[in-house]
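S.K.: Single-letter residue listing:
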Amino acid sequence: NAGVTQTPKFRVLKTGQSMTLLCAQDMNHEYMYWYRQDPGMGLRLIHYSVGEGTTAKGEVPDGYNVSRLKKQNFLLGLESAAPSQTSVYFCASSYSNWARVGQPQHFGDGTRLSIL
Amino acid sequence: LAKTTQPISMDSYEGQEVNITCSHNNIATNDYITWYQQFPSQGPRFIIQGYKTKVTNEVASLFIPADRKSSTLSLPRVSLSDTAVYYCLVGDNSNYQLIWGAGTKLIIKP
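These protein sequence lines are chains A and B, in that order.
1 is the number of the first residue of the first sequence in our numbering; add one for each residue after it.
1 is the number of the first residue of the second sequence in our numbering; add one for each residue after it.
Simulated from the structure, these hints should not be mistaken for lab results.
Every value quoted in this text rests on a predicted model; they were computed, and no experiment measured them.
We put the CB at the ideal spot given by N, CA and C, even for glycine.
Watch out, some of these pointers could steer you wrong.
Stated by the list, open to error - So, partial list: chain B residues that the calculated Cβ filter (under 10 Å) puts toward chain A:
#1 25
#2 34
#3 36
#4 63
#5 108
To be verified - In silico DMTMM-like cross-links for lysine to aspartate or glutamate, where the CA-CA straight-line distance does not exceed 25 Å:
#6 B:69 <-> A:59
#7 B:3 <-> A:79
#8 B:109 <-> B:11
#9 B:105 <-> A:62
#10 B:3 <-> A:59
#11 A:14 <-> A:62
#12 B:54 <-> B:17
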């Protein structure tokens with residue numbers, strides 16, 4: 001039972017390069033999320049999706065774009081990478097609104113991204 | 001806007017009960033309060049979730065007072081494997097955004 005799978009696990013980019021992080025879930029969850037985690041700052045929500053074909057901004061959306069073309073996949077794109085985007089990125093999914101109906105989020109193991 | 005406050009770190013010993021409190025104001029009235037555990041190089045893992053009063057599962061208890069301005073995660077009889085970072089998660093009352101605590105690093109000693 002894979003749960004939430006993130007690829008790649010590690011990546012080093014140069015400033016200005018672009019890349020896409022892939023998140024896949026096999027639990028038929030409606031909601032999906034992208035977070036970044038920096039030392040001492042906990043998790044910050046970048047973008048989220050409440051269903052196939054829909055996306056919304058979170059707390060720190062600038063510099064990122066997302067797409068949810070298929071229910072099981074949620075892509076995070078960096079169009080022009082900057083050193084400030086060096087972080088660990090986590091994807092999560094939940095069956096429905098995590099807070100209103102007590103549905104917890106399930107997380108992948110993260111993508112460690114370094115921007116030089 | 002909602003804000004959460006957790007202790008940065010805590011130490012305890014095997015077999016002890018550990019209580020970690022998260023203070024949170026302006027949280028969404030109808031939202032759950034959730035706690036997660038995170039080990040190095042892994043994503044957060046759900047521990048327990050509650051709306052009010054007390055909730056207990058096989059690994060922890062969660063105490064939430066009536067005013068919901070704080071919540072306390074209780075880990076009974078901890079072991080070395082409970083060494084991890086613990087996060088509280090709440091919803092903001094004004095914009096329903098997710099608000100994560102900064103995390104409490106719990107170190108269990110033999």
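S.K.: Looking back at the numbered hints, which does the structure fail to meet, lowest number first?
M.R.: 1, 4, 5, 7, 9
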